[in-house]
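Undergrad: Listed here are the chains, written in short residue letters.
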Amino acid sequence: NAGVMQNPRHLVRRRGQEARLRCSPMKGHSHVYWYRQLPEEGLKFMVYLQKENIIDESGMPKERFSAEFPKEGPSILRIQQVVRGDSAAYFCASSDRGTNTGELFFGEGSRLTVL
Amino acid sequence: KNQVEQSPQSLIILEGKNCTLQCNYTVSPFSNLRWYKQDTGRGPVSLTIMTFSENTKSNGRYTATLDADTKQSSLHITASQLSDSASYICVVSARSGGSYIPTFGRGTSLIVHP
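Going down the list, the sequences are from chains A and B. Take the position in the first sequence, starting the count at 1, then add 2; the result is the number in the working numbering. Take the position in the second sequence, starting the count at 1, then add 5; the result is the number in the working numbering.
In short, the hints are calculated from the structure, not lab data. Where hints are given, some of them may not hold.
Said to hold, decoys possible - Here are the simulated BS3-like cross-link-like pairs (lysine-lysine), alpha carbons at most 25 angstroms apart as the crow flies:
| hint | chain 1 | residue 1 | chain 2 | residue 2 |
| --- | --- | --- | --- | --- |
| 1 | B | Lys42 | A | Lys29 |
| 2 | B | Lys62 | B | Lys22 |
| 3 | B | Lys22 | B | Lys42 |
| 4 | B | Lys76 | B | Lys62 |
| 5 | A | Lys46 | A | Lys64 |
| 6 | A | Lys64 | A | Lys53 |
| 7 | A | Lys46 | B | Lys42 |
| 8 | B | Lys62 | B | Lys42 |
| 9 | A | Lys64 | A | Lys29 |
| 10 | B | Lys76 | A | Lys46 |
| 11 | B | Lys6 | A | Lys64 |
| 12 | A | Lys73 | A | Lys53 |
| 13 | B | Lys76 | B | Lys42 |
| 14 | B | Lys22 | A | Lys46 |
| 15 | B | Lys6 | B | Lys76 |
Turn these sequences into a full structure, and let the hints steer you where they fit.
TA: Written out as C-alpha cells, the structure is:
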C-alpha cells in the first residue's frame, strides 16, 4: 500500500519560471493538504482540497499560486513566475474522512530552489 | 483564531535521559491532537493521536498526555536515543462539518547527544 507520493523531490527554477509540484495521495484518500516549510521553521498550511474542490485556501498567496485536485490524477500545486522567496520544502498530506480520525499521512516533500 | 504553541523551541539532551515537550492550544471545536516526528529532510510521521476523552497514550518510549480542560498536551520521551533527534510537531484538529482542519505548532527541535 503505497504512501503519499510527491514529485519531483527536488526542483530548481530560475526567477520568473513556473514550478509544478505533484502529489498522489494514499489509495482511497480523497483529502489533500499542501504545506510549505521554510528552513528552521514549522509547517505552514497553504490549501486543503477534496476531489475537484478547493475547501480552504486561506494559507495560499492570492497571486501566482494555484492548486487543483482533479477527478483523475494527482493534486498539483502550481507556482507561476517564481521568486527567490518561494524557495522552500512543500509537503503534501492526505487523509481519509472515512476513518474519522483526521490523521494526515505526509509525503517526503518537494524541495524548490529558485535561483 | 486557532493557535498551537509549543515549548521549548529547541532542546538538547544527553543520550539515555528523559525529556518532556509541551503543547498549548486554542482550537475549537476540538477533535483530536496528534504528535508528529519529523526527521531532517523527511515528511512528518504520526506518533500518537488523542481524542477529547483520552488522558494518556503511549507508543513505545513516547507517552503523550492531554488535559482538555487546560488545553495542554505533553510528549514525554523516555531513555532517549540518538535517533530521537528530530522536530516534534503538535497538531490539533478542529471539526468543521464533515472535515478536519488541522492547526500545526512550530515544533520543538530535539537534539540528543551521545
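Undergrad: Does each hint fit the structure? Answer for all of them.
TA: Here is what the structure says about each hint:
About 23 angstroms separates the Cα atoms of Lys42(B) and Lys29(A), which keeps this hinted pair within 25 angstroms; it holds. The straight-line distance between the Cα atoms of Lys62(B) and Lys22(B) is roughly 20 angstroms, inside the 25 angstroms bound, and the hint therefore holds. A hinted pair counts as satisfied when its Cα atoms are at most 25 angstroms apart, and Lys22(B) with Lys42(B) qualifies at roughly 18 angstroms. As the CA atoms of Lys76(B) and Lys62(B) are separated by approximately 16 angstroms, the hinted pair is consistent with the 25 angstroms bound.
Of the pairs offered as hints, the one joining Lys46(A) and Lys64(A) holds, with about 15 angstroms between alpha carbons and a cut-off of 25 angstroms not exceeded. In summary, the hint linking Lys64(A) to Lys53(A) is supported, as the alpha carbons are separated by about 21 angstroms, within the 25 angstroms threshold. Restraint check for Lys46(A) and Lys42(B): satisfied, since their Cα atoms lie roughly 16 angstroms apart, inside the 25 angstroms limit. For the given pair, Lys62(B) sits about 16 angstroms from Lys42(B) by alpha-carbon distance, which is consistent with the 25 angstroms threshold.
At most 25 angstroms may separate the alpha-carbon atoms for a hinted pair to count; Lys64(A) and Lys29(A) exceed this at roughly 30 angstroms. Simply put, Lys76(B) and Lys46(A) have alpha-carbon atoms about 22 angstroms apart, close enough for the 25 angstroms limit, and the pair holds. Annotation: proposed proximity of Lys6(B) to Lys64(A) holds, straight-line Cα distance about 20 angstroms (limit 25 angstroms). Only pairs whose Cα atoms come within 25 angstroms are accepted, and Lys73(A) paired with Lys53(A) is accepted, the gap being roughly 6 angstroms.
With a C-alpha separation of about 21 angstroms, the suggested pairing of Lys76(B) with Lys42(B) holds against the 25 angstroms cut-off. Only pairs whose Cα atoms come within 25 angstroms are accepted, and Lys22(B) paired with Lys46(A) is rejected, the gap being roughly 31 angstroms. In summary, the hint linking Lys6(B) to Lys76(B) is supported, as the alpha carbons are separated by about 15 angstroms, within the 25 angstroms threshold.
Checked against the numbered hints given earlier, this structure breaks hints 9, 14; the rest are met.
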